[in-house]
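Participant: Here is what each chain is made of, one letter per residue.
Protein chains: 2
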Amino acid sequence: MNPMNPWNQFTPELVSDLYELTMAASYFREGMSGEATFSLFIRKYPPGRSYFVAAGLEHLVDLVTDFRFQEDSIRFLASTGKFSAGFLHHLRNLRFTGSIRALPEGTIFFADEPLLEVTAPIIESQIIETLAINVLQLETLLASKAARCVHAARGHGLIDFSLRRTHGVDAGLKAARAGYLTGFAGTSNVLAGKVYSIPIFGTMAHSYITSFDHELDAFRAFSRAFPDSTVLLIDTYDTLSGARKAVQVAREMAAQGRRLRGVRLDSGDLAALSLEVRRILDEAGLNEVQILASGSLDEFKIQALLEAGSAIDTFAVGTHLGVSADAPYFDIAYKLVEYRDRPVLKLSSGKRTWVGRKQIYRRCDDQGMMLEDRLCLAHEECAGGEGLLEEVVRGGERVRPAESLETIRARFEREFRRLPEACKDLRSPTLHPVHISRALQDLEEKTARKIRREELGD
Amino acid sequence: MNPMNPWNQFTPELVSDLYELTMAASYFREGMSGEATFSLFIRKYPPGRSYFVAAGLEHLVDLVTDFRFQEDSIRFLASTGKFSAGFLHHLRNLRFTGSIRALPEGTIFFADEPLLEVTAPIIESQIIETLAINVLQLETLLASKAARCVHAARGHGLIDFSLRRTHGVDAGLKAARAGYLTGFAGTSNVLAGKVYSIPIFGTMAHSYITSFDHELDAFRAFSRAFPDSTVLLIDTYDTLSGARKAVQVAREMAAQGRRLRGVRLDSGDLAALSLEVRRILDEAGLNEVQILASGSLDEFKIQALLEAGSAIDTFAVGTHLGVSADAPYFDIAYKLVEYRDRPVLKLSSGKRTWVGRKQIYRRCDDQGMMLEDRLCLAHEECAGGEGLLEEVVRGGERVRPAESLETIRARFEREFRRLPEACKDLRSPTLHPVHISRALQDLEEKTARKIRREELGD
Numbered sequence: 289m290n291p292m293n294p295w296n297q298f299t300p301e302l303v304s305d306l307y308e309l310t311m312a313a314s315y316f317r318e319g320m321s322g323e324a325t326f327s328l329f330i331r332k333y334p335p336g337r338s339y340f341v342a343a344g345l346e347h348l349v350d351l352v353t354d355f356r357f358q359e360d361s362i363r364f365l366a367s368t369g370k371f372s373a374g375f376l377h378h379l380r381n382l383r384f385t386g387s388i389r390a391l392p393e394g395t396i397f398f399a400d401e402p403l404l405e406v407t408a409p410i411i412e413s414q415i416i417e418t419l420a421i422n423v424l425q426l427e428t429l430l431a432s433k434a435a436r437c438v439h440a441a442r443g444h445g446l447i448d449f450s451l452r453r454t455h456g457v458d459a460g461l462k463a464a465r466a467g468y469l470t471g472f473a474g475t476s477n478v479l480a481g482k483v484y485s486i487p488i489f490g491t492m493a494h495s496y497i498t499s500f501d502h503e504l505d506a507f508r509a510f511s512r513a514f515p516d517s518t519v520l521l522i523d524t525y526d527t528l529s530g531a532r533k534a535v536q537v538a539r540e541m542a543a544q545g546r547r548l549r550g551v552r553l554d555s556g557d558l559a560a561l562s563l564e565v566r567r568i569l570d571e572a573g574l575n576e577v578q579i580l581a582s583g584s585l586d587e588f589k590i591q592a593l594l595e596a597g598s599a600i601d602t603f604a605v606g607t608h609l610g611v612s613a614d615a616p617y618f619d620i621a622y623k624l625v626e627y628r629d630r631p632v633l634k635l636s637s638g639k640r641t642w643v644g645r646k647q648i649y650r651r652c653d654d655q656g657m658m659l660e661d662r663l664c665l666a667h668e669e670c671a672g673g674e675g676l677l678e679e680v681v682r683g684g685e686r687v688r689p690a691e692s693l694e695t696i697r698a699r700f701e702r703e704f705r706r707l708p709e710a711c712k713d714l715r716s717p718t719l720h721p722v723h724i725s726r727a728l729q730d731l732e733e734k735t736a737r738k739i740r741r742e743e744l745g746d
Numbered sequence: 289m290n291p292m293n294p295w296n297q298f299t300p301e302l303v304s305d306l307y308e309l310t311m312a313a314s315y316f317r318e319g320m321s322g323e324a325t326f327s328l329f330i331r332k333y334p335p336g337r338s339y340f341v342a343a344g345l346e347h348l349v350d351l352v353t354d355f356r357f358q359e360d361s362i363r364f365l366a367s368t369g370k371f372s373a374g375f376l377h378h379l380r381n382l383r384f385t386g387s388i389r390a391l392p393e394g395t396i397f398f399a400d401e402p403l404l405e406v407t408a409p410i411i412e413s414q415i416i417e418t419l420a421i422n423v424l425q426l427e428t429l430l431a432s433k434a435a436r437c438v439h440a441a442r443g444h445g446l447i448d449f450s451l452r453r454t455h456g457v458d459a460g461l462k463a464a465r466a467g468y469l470t471g472f473a474g475t476s477n478v479l480a481g482k483v484y485s486i487p488i489f490g491t492m493a494h495s496y497i498t499s500f501d502h503e504l505d506a507f508r509a510f511s512r513a514f515p516d517s518t519v520l521l522i523d524t525y526d527t528l529s530g531a532r533k534a535v536q537v538a539r540e541m542a543a544q545g546r547r548l549r550g551v552r553l554d555s556g557d558l559a560a561l562s563l564e565v566r567r568i569l570d571e572a573g574l575n576e577v578q579i580l581a582s583g584s585l586d587e588f589k590i591q592a593l594l595e596a597g598s599a600i601d602t603f604a605v606g607t608h609l610g611v612s613a614d615a616p617y618f619d620i621a622y623k624l625v626e627y628r629d630r631p632v633l634k635l636s637s638g639k640r641t642w643v644g645r646k647q648i649y650r651r652c653d654d655q656g657m658m659l660e661d662r663l664c665l666a667h668e669e670c671a672g673g674e675g676l677l678e679e680v681v682r683g684g685e686r687v688r689p690a691e692s693l694e695t696i697r698a699r700f701e702r703e704f705r706r707l708p709e710a711c712k713d714l715r716s717p718t719l720h721p722v723h724i725s726r727a728l729q730d731l732e733e734k735t736a737r738k739i740r741r742e743e744l745g746d
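Going down the list, the protein sequences come from chains V and S. Taking my numbering, I'd label the letters of the first sequence as residues 289 to 746. Taking my numbering, I'd label the letters of the second sequence as residues 289 to 746.
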């Protein structure tokens, strides 16, 4: 293990806002060990959005079922002088012993619907708050963005090129995974290729071209090194001139029984250039040579390029996917909804939480297209078949093995087909109806009344 | 080492787009080992921005001076079938042997100015591209955002609360460090407290309040656990009612010789509420109790709250800092500018790169306020004292020890005072003039002419 590697310092138990620990210290001091249920949900859609894609659960479950304070972390906490020896001893032996119900990764869900509910003694369920939000928001954010690109691309190929501009390495890995989860062909990210077994793609940068005396020398050199996977970047000096040189190299390769795979455009009017490049390639009989486009692409540009009739086969999406540029965060929260069987609620203005343990039921039409959801109390008899939240952890242990990325990818593909087109519109989507059951509304109102009476004297 | 800890899988040498490795493989095959200089810079400002704060250098230097391919990484690359045994052997022995000139962290810089220049044999300087951009963009992005908050806060306290919604753990750590670097008092992020020795702050969430039968019980319990650092969250049910309960607890604490430190507002009309809460506290003689505000704050809201005459002492900034919400990425690039003493350039439309090794000179007035910058060739005699780019690595080794975060924080404080107020305006800043030296312009034009002649037949 390399001591200079900064990522080796990341210990999940300290991925925590300090208040998780100060609250836990107070719960400990007061002897509060009752069972608490927290609900993790997104309050509202960012502008232009209408659905979310659940992701990150398998990582979170790994972290929570293995949660423990290492000695080095305890030493750091002791050094702050904020915590009693008794509490630190309690942390040393702390494990997560509760249960987690959650939406499997790849599930489509909507505002106000819990992505996750955690039920455990309050110290355990409280202390994982920051970790749970951080892990689930990032992956759900990226999968939700990637889904929009998949929708816009209408079956054309997609590759993740985001690593250089993601917010750190963690985000870069998750962007590659989110892309693959939603149907991307792969990623440029080598580490993601290793960690997640995702196909990796890559050819050359402008620096490669400019390091040679001439563009043609660069093209030839690359085709020598990678005779079976050459994709030439043709916009370094002039895209059409580059395309003609690519034709020349393709012919030289053909003479040796090799085939040029593709060319990449990275600047300029991609729609117009792709058509001209396609014509140059086709006139040379290179109909099979693919055109890859990159350069500040996102779902909006992909849609516009396809509407403009461009001849692009594959879109490489970078920064805008990797930082979810139009919506770089969700209004996501992890809220206590029940403590010792008592429903709880905060009344803070503008921030509604639905009390109690809940379940989501989804109604679909004969073709399997989603019609509406119903948010119910978990113990309610709610028409509509299976609830969407599945138990994944019980007594601190997984109740099933981790799902493979391929399983999750297949689920997303299935789910996304069932989401009506109008809900997928990139700018003015229709909102999917989420109804609140009568019992849940009643409990909410009763709880709010009780609080107003007791706390505010109303 | 915990096998479930996903961050232990991060190996710096694979934080790479695949094309860094395919290019390197081709350079290796062609016997290209000439010295190449790459320049890392930001092309243009995001909307409403006018300066950047250099950050991330010390992390990058650690990673680069220690760069090596571990056996496990070589095995993965071999398994892809893309690389020759000879190249993999070359990678196994690869070290960074070149030099790095860079802006020290905390330096203010501007569009088009190199933040970093790397000179090394081309495989070495190419292969660190993705890592260099990822590390420097994230930290520079966050420090630049944090500086805006510091400017808006006009001397009021600031605390980083962003961890839960940053893009992963890496970003969360860097947000805490960026805040501290620019003058924040500290962070809620426990891991950042440990890793960077930054002061950590934190009290309670709404869940803490709602887990007790009554708000007053929660306040009292917390003051028992943390009698010397109690800050009460008072908006769970009603902010003013909460303030009155806080007064009651403050009196009970005073009877035991303790002092309530503060109250926190997290929702509603923060300006109006802070004034009413201040009045409630002052009327109870609690003039020393501080008011902390949180809840979707950013530089714009902080400015508006202060302009509205709010009584907030400290602002906790979360999500908007942690994801740099108004500008979640920079148009940052790492471009080859010279290979074997030959200046190089790409001509791709809309993406200008200044050729050659460069230096930045800054002119200030008698009071030390920044007047203008001049971007020159590195070997030019340019009036204006010391160049801003400093050599930090030579022959693959640090030429000076890593700077401490305190040193960097002091530099930022000094530098930021010298940036004119008009450049700091949050919405319509004046742009600081960056002049291009005649020699650099001439070399640029000469290089472009040569390329147009040779590549395009112009």
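By construction, these hints were calculated from the structure, which means they are not laboratory data. Quick reminder that beta carbons are idealized off the backbone N, C-alpha and C, glycines included. There's no promise every hint is true.
[Said to hold, decoys possible] Computed beta-carbon distance windows for the label pairs: (1) S/ASP713 with V/ASP354: 45 to 55 angstroms; (2) S/GLN536 with V/THR368: 20 to 30 angstroms; (3) S/ARG682 with V/GLY369: 36 to 46 angstroms; (4) V/PRO335 with S/THR718: 23 to 33 angstroms.
Participant: Against the range 36 to 46 angstroms, how does the distance between the Cβ atoms of S/ARG682 and V/GLY369 compare: consistent or not?
Facilitator: 43 angstroms, holds
Participant: Just to be sure I understand the hint, the distance between the Cβ atoms of V/PRO335 and S/THR718 should be within 23 to 33 angstroms; is that true here?
Facilitator: Roughly 30 angstroms apart at Cβ, these two residues keep to the hinted range, so it holds.
Participant: Taking 20 to 30 angstroms as the stated bounds, is the beta-carbon spacing between S/GLN536 and V/THR368 within them?
Facilitator: 29 angstroms, holds
Participant: Does the Cβ distance between S/ASP713 and V/ASP354 fall inside 45 to 55 angstroms?
Facilitator: 49 angstroms, holds
Consistency with the previously given hints is maintained throughout, with no hint failing.
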